[in-house]
Every structure is written in structure tokens, then in C-alpha cells.
Amino acid sequence: MLLPAGFLFLFYGCFTMFKIDSNLFDIGRMDTLATGDTPLHHLDPRAKLITTLVFIVAVVSFGKYEVSAMIPFFIFPLVQIAYGDLPLTYLLRKVMIVSPFAIFVGIFNPLLDREILFHFGSIGISGGWVSYLSILMRFTLTVMAALTLIALTGFNTVCLALEKLAVPKPFVVQLLFLYRYIFVLTDEAARLMRARSLRVFESKGMGFKPFASMVGHLLLRTLDRAQRIHLAMCCRGFEGHIPILRPMRFGIREVIYVAAWTMVFTLLRFYNLPMKLGLFITGLFT
Amino acid sequence: MSHHTIDGKDLHYIYPDGTIGLNGISFHIGHGESVALVGANGAGKSTLLMHLNGCLTATQGELSIGGYPVIAKNLKVVRRSVGMVFQDPDDQLFMPTVFDDVAFGPLNLGFPVAEVERKVTQALETVGVPHLCKRPPFKLSGGEKRAVAIASVLSMSPDILVMDEPSSSLDPRARRRLIELLKTFEHTKIIATHDLDMAMDLCQRTIVLHGGRITADGPTREIFQNDALLADSGLEKPLRMQNCPQCGNPCTDETKDQVHSHVHDHAHVHGNVPHDH
Amino acid sequence: MHMADALISPAVGGAIWAATAGLIAYSSKKVTEGLDDSKVPLMGVLGAFIFAAQMINFTIPATGSSGHLGGGMILAILLGPSAAFLTIASVLTVQALFFADGGLLALGCNIFNLGFWPCFVAYPFIFKRIVNGQSSQGRIFAGAMLASVAALQLGAFSVVLQTLFSGISELPFATFVLMMQPIHLAIGVVEGFVTAAVVGFVWKARPEIVTPASHPAPIDRAALRPVLIGLLTCAVITGAAFSWFASANPDGLEWSMFKTSGHEELENRDGIHASLRDLQEKTAFLPDYGFKADGEEPEGEAESPPSWPAVDAGTSVAGLVGGALTLFMAVLIGLILKRRGNNAK
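Protein chains in written order, with this note's numbering: chain A, 1 to 286; chain B, 1 to 277; chain C, 1 to 345.
In case anyone wonders, no lab produced these hints; they're calculated from the structure.
Careful, some of the hints might be misleading.
[Unchecked claim] In silico lysine-lysine, BS3-like type, Cα no more than 30 Å apart, as pairs: (1) B/76 - B/134; (2) B/183 - A/164; (3) C/29 - A/169; (4) B/76 - A/169; (5) C/30 - A/169; (6) B/73 - C/29; (7) C/29 - A/164; (8) C/204 - B/73; (9) C/30 - B/76; (10) C/30 - A/164; (11) B/139 - A/164.
Chain A on its own, in the form it takes in the complex:
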């Protein structure tokens, strides 16, 4: 039991290490989506943020063997994708690629929990498979919700909404700065890598020493840049406070949006719609 588990984890470890570069370039795409011009895009970001959080809490609050009751929750991301004119396949692909942790840890459920929960025809379905399915379902729902939030709103706007929702300003400013410079610095790192790959002919990986000095150089450049940015800020009157003008209006549309979805989520959370429907339909045939 332990050995295969260990290998799986090692594999997981290697996997995460390669993830970063392929994922980064997606950020630009997400931001482009956020410049869309649908009513959902124009909704106050706080409304979208709050609704998404309510959604996530509702989904994760389900019991571990719950599968069918979660299905109606797909309506939320799907409606957002449809109304927000977002590319469904692209977002689905993103859901598939990301976060192997849930899949890896979850895979132990079918291995460990073998008690048959119910029979489907002649096949016995164990509790482990049901709870694994439940984990994957939660995962898909929560990830889709987070992705549609960003795709409809844009990262910067979500941050500003956070500030209006009383998240400490230094943290919000930190998020904005980080986001601003991700592209600049990853470009710099990519240049370093390219310069090296042009001089190294065998396709062997990098040794530790050149690696450390490359990262060290990158860090020194980063520190220099931070200094220059600080100078540029001081030149324009920076005294420790970052002013941001961004009027937001939480109007009647926003209230309705949040209230309506919250009601839907509450209803779906406590009232197993698919089960009722299924019972009704199977009832028709018996």
C-alpha cells in the first residue's frame, strides 16, 4: 500500500514542477476574456465575488457520499459561461489540466473504502468510488466557479473588490504589484533560459551550480528593478500610500443577482432536485 502511494506522490511532485511555465501564458487569455462586454462583465465585481464564495461554500458543505445533489450546481458556472460569452471548452480544458492533488489523494478512496454501498444491476458500487466521484465533482465545480469569476471580472478588478470588502490594503496592493510584474519577470527568466540553451548543446538538464547562479542573477536583477520602481514612485509623490480611483456601485441589479443565486444555492443545497426527479420518473415506470 505504502509503496505505490509513494510513487504516485513522487510522480505528483515531478508533475507540479513542470506546470508553472505552461500555465503562465494562460493568464493573458483570462484577462482578455475579462474585457468582454456582457451584462455579467459590467456587474459590480463584489456581487460576483460574493456569489462565487457562497457557491463554493454550498458545494463543499455536501456530505462525502453526495453526488447527485451536486449536479444541479453546474447550472451556476454554465449560466455564467453562457451569459458571459466565455469559451466553455477552453475553461473545461483548464479544469482538466490543473490541480492533480485532489485526483491523487482522492484515488485512495476507492482503494481503501471497499464496502459496497449499493448495487447497480449486478455491479456493486463501493463507497470509495462514490466518494471519489464526489471529490471530483466538488473539484470541477469549485474550480470552474473560480475560473469563471476571473474570466468575467479580471484579476485586478477582483483585487479592488477585495479592498472594498475590507481586505487589508497592503495585501491588495501586493496582489496588484505581483500581478503587474509576473509578465515582466517571467520574460526576464525566459530570456536567461534562452541565452543558456543557445550555448548548451546537449539537451541535458541544468546542473545545480549554473542553476543557482542563474536564479541568483535573476534575483539581483529583481532587486534592482524594485529599487528603480520605488524611485519612480517617489518621483510621483509616493509616500507609502497607493491611491486608486475606482468607483464601484453596488446597485439594485447586484442585490438581485446575489440574492437570487443565494436562494438557488440554498434551495439546491437542502433539496435534492435530481433525486426527486429521478424518483418521479422511476415511479412512472413501476
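Fit chains B and C to the given chain A structure using the hints.
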């Protein structure tokens, strides 16, 4: 502050690690003058620029802007009157959107919101990019970034514009557009640059720095014709003043019209050919 | 070792989020109080640096796998605890939002696991003690190595506890610990090497950058203690509130109690169990849910799943049919909306 003048008297600056940045620099720049600051790498250009808005303070000597000595007490006034455009627009544009960036200065200066919005619109219109208002800076081209960086300074209505290598990493057309834009500004301008052709287009006066000292200060054209001086300072004649690439004859602005319309049959125009450095 | 929304119960996620939010507020206050406003851009750019540095990999000799900078420890060394904590939190937030690493509820856990331990424990109590103001290549190496390993071990153990208390994963405590700790020992050692090498590099090039961060007045422990106590109280209260809340629903924290009760750690289990079941029976709603605790209690082995929810074949077929139908309808609604949206344009 009606006089947008800069006065430096015997400025010295030594970096904490002992490197000499400035080694006795004196100059006067008058209201509305446009001055090119040239010199090889490490000549002290950037160090001098950093003094102009108090990012660095001279270890010895005096610097005053519009009559105010550049000391801690006056920093606010000085920084308001000196607009500094950095070499890398990525260092200057640190806010989430172009609007936020251009509004950063005026908001810090405490202008009311309506006034800030007006200033932002005006600054973006001046540099010709009002349509970029809501874009994040990382989605702009090099030329657009430069324009926005300039706007972010213009929105503070400075009296003096200080620019570090404004034409670096611009494609020829963006560079030309920038030069045309800068020509329209009536501010007192100080432009540190390696782009001597641009210096010729924009500045009547040039200060040459070498090893932390001023080695020449005078009309741009005269200085660029002084081969010995340029060579000593680690510089090279602007391309348009060098010999014609096809005939090898010397070619200056004064002579080019006759020389080229009469003597040569190949048609090319010197001086207007954009060069990328 | 990112936690994921899918593995976490609202009770655990909420409690840890409360602690993390407290730490963010505390760190924000500290950073604002610190007079050095050059830290504002420095933190931002260093956060971006972590992303950039993770693009650069090296080959771990004799394993064929590769390693890169994790970043928590190096940020703590360069920025000090509070600023580093905010920076790590921002990096993880971006990861959660864009790469869906974990998800929003689990983000609290991730920030806590990967931020709290390196910044507020490993850095002040290990790295700083070892380097102790007198930087040398050897001390930096020892400090970075031990601190990285400790931070990752603590972080990995936190993941185990959070997963366990959430009760969504079936993994028994012992197996999970035996898997997580050794692997994160390896990751920690790699991280230690990388951190030591990069810090050493910067220290040689610009000693002033590394030294002041390790020099100034040792971390204000008198100030940290009330914060820690406050956080703990906060976590306990929210935990309690949530578990009350969760036990009002037939799931969540209660389940984790259920599960852990199979182990020897939790004493007095009958008491807890009985009262929980009591509570649940009193508060159970929707009796036709097929969920009410009526199965017998599992005792003794950890591996045997509890027999509730007692799902009978009839309800499960109904669930499948209904589920498929609902899914179909949801997709249909989406498609219709999409079509309408496209036509409107």
C-alpha cells in the same frame, strides 16, 4: 516657481561603494531650454538625473531647481516641478491600468477627483493614446508604453521634463513619433541619451559628460562636429553627420542639399532616415 | 502540497481561513507600520520573481527528476516575516485563481501551510538563530537547510491534519503521514539547497541585502505571542462555531470525528459519538434524504467505512437517473443562453 531653471554648482557624488558618480559639475539651464546630456556608459548621466529630483543628494556642492535648493525640505516642491521619465517604462508603469498610472501622480498631489480625471484625459490626449485608458500596461507595445510613461509625468503638470534614454528600444517609426511629440513640448527639457541624432533634432544645447565631469557644454551642432572631443568622451558622430554611406563624402545638413541633388545620381535623403540604435 | 477545495470541509476550511485572515491583517498592519515604503514595490516584484524563478529547473543528480525554488524561505530571509507572509499569500492567491491550484476555500489552508511555518516559525526560530547576525557561507547554508526542511515538514503535517479533519479523503492518518513526511523531507532538502545557494549568491554579490534582514532587532516575540494566542482562540472559536453548524447538517466536521474515532488518539469517543448522533438525530431534516444516521457504528478499525448513509438501490437508481437529467438540463439551459447571446449580437 516662475523660472524653470536648474543651477548646479560644483556637484560631487560618491556612491556608498566608493565609485565616483559626479566629480565637480557646474551648469545652468535656463527657462524653456532643451538640453541633451550625452556621454558613454558610466559617464555619470543617470547619476546626474537622479540628483535633479532628489533621488540622490550631492555629497558636495549645491543644486537648485527654480531657485529652490534640492534638499529634503523642498523635495515635494521639486518633485512636483521636475517630471522624470525613466528608461524602462516597465519601472514607471506599476499600476494595474494606464488610467491608474497616469492618475497616480495627481492623486498623490492631492487633487480632487474630477480634476484628476481631467488631467489624466488631457495627458493621454497630449501623447496621443486616449484609447489605452483602461488597458493594463503589460498589454502595450514598446511605443505605447513610452507614451503612457510620458503621460504619467505630464499629468502632474511639471515645469521641467527629465528623460533617461527616451528613444531606447523603440522601433524607427515609434522613435520618430516620439521626437515629433517632444518637439511640441514647451517645458524645459533635459534628455540623457545615446541617440545623438535625436539630440540633434530636439536640443539646441548639449552637455557632454565623461568620468563624472563636464567635458563640453555648448550648441549641439558644434559639439557633434568636434571629432576629437567625441572620441575622448567615448562617443561617435551622429549618423547623419557621418560620411555618406554610398559615396564616402562628408555630408552635413548644410551641404547635403547641394551635394546630393547635384553630384550624386542615387537618391537618398540624409537626416530624415530614422536610425535605430 | 496544495490543499484542494475538493478535500476540505467547510468547517476546517473556514477555521483555517479565519486564522489566515488574522495573519494577513496582522502582517498588513506590521508592513504599514514599518516605515520603509520601498518594501511596497519590493514585495510585489519578489512575488513575481517566485513565479519567474520556478521556470528555471535543475536536474537532481541520479534521480532524473528536477527541482526548483519553492520560495517561502527565501522570501522570509529577504523580506522578514510579515512582508514575506503577505508575498507568499499573494503568490498562492494568484495560483489559486489562475491555475486553480487548490481553490478558494482551500486557499486559506495553503497560505497557512506554506506561509505561516516558514515566515513565523522556521525563519525567526531556526534561520535567524543559526545565522545570528554573523553571516557566513556555512551558517547561511545550515540555517537555510534546517529552516526549509522544518517549514516543509510542518506544512506537510498541516496538510495531513487538515485532510484528516475534513474527512473527505479516505486515507488513514498513519498512511498519509508516512507518505507525506518523507516526500516532503526530500522536497525540503532540495528547497534547502536551492535557498542556501541563492541566498549565498546574493550575499556574496550584495552582502547588505542579506545581512540587514537578519540583523535588526530580533523578532518581537512579546508582540507575536498575543497574536498567536489570538489566532489560536480565533481558530478554536470558529472551529467550534463551524462544527456546531456542520453538525446541524449531516456531514462535515462530524464526519471527521466519526472517522478519527477509529484511532486511539481520540479518547472518550463514545461520549462524543453519542452526543453527536444525538444532536444529529434531533436536527436531521429531510428524513426522506436516505441520510439519517440509522446504521450501526463502526468501531475499531479505521478502514471500515461507516454504514451510513444507508443508501438503498432504489434511491440510488433514482439519484442516477435524476442526476443525469439535471445535468442534461443544465447543459441545455447553458446552450440555449449561449445561442441567444450569440443571436443578440
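Tested hints:
no.: 1; hint: B/76 - B/134; result: holds, 29 Å
no.: 2; hint: B/183 - A/164; result: violated, 43 Å
no.: 3; hint: C/29 - A/169; result: holds, 9 Å
no.: 4; hint: B/76 - A/169; result: holds, 25 Å
no.: 5; hint: C/30 - A/169; result: holds, 12 Å
no.: 6; hint: B/73 - C/29; result: holds, 28 Å
no.: 7; hint: C/29 - A/164; result: holds, 17 Å
no.: 8; hint: C/204 - B/73; result: violated, 37 Å
no.: 9; hint: C/30 - B/76; result: holds, 27 Å
no.: 10; hint: C/30 - A/164; result: holds, 21 Å
no.: 11; hint: B/139 - A/164; result: holds, 26 Å
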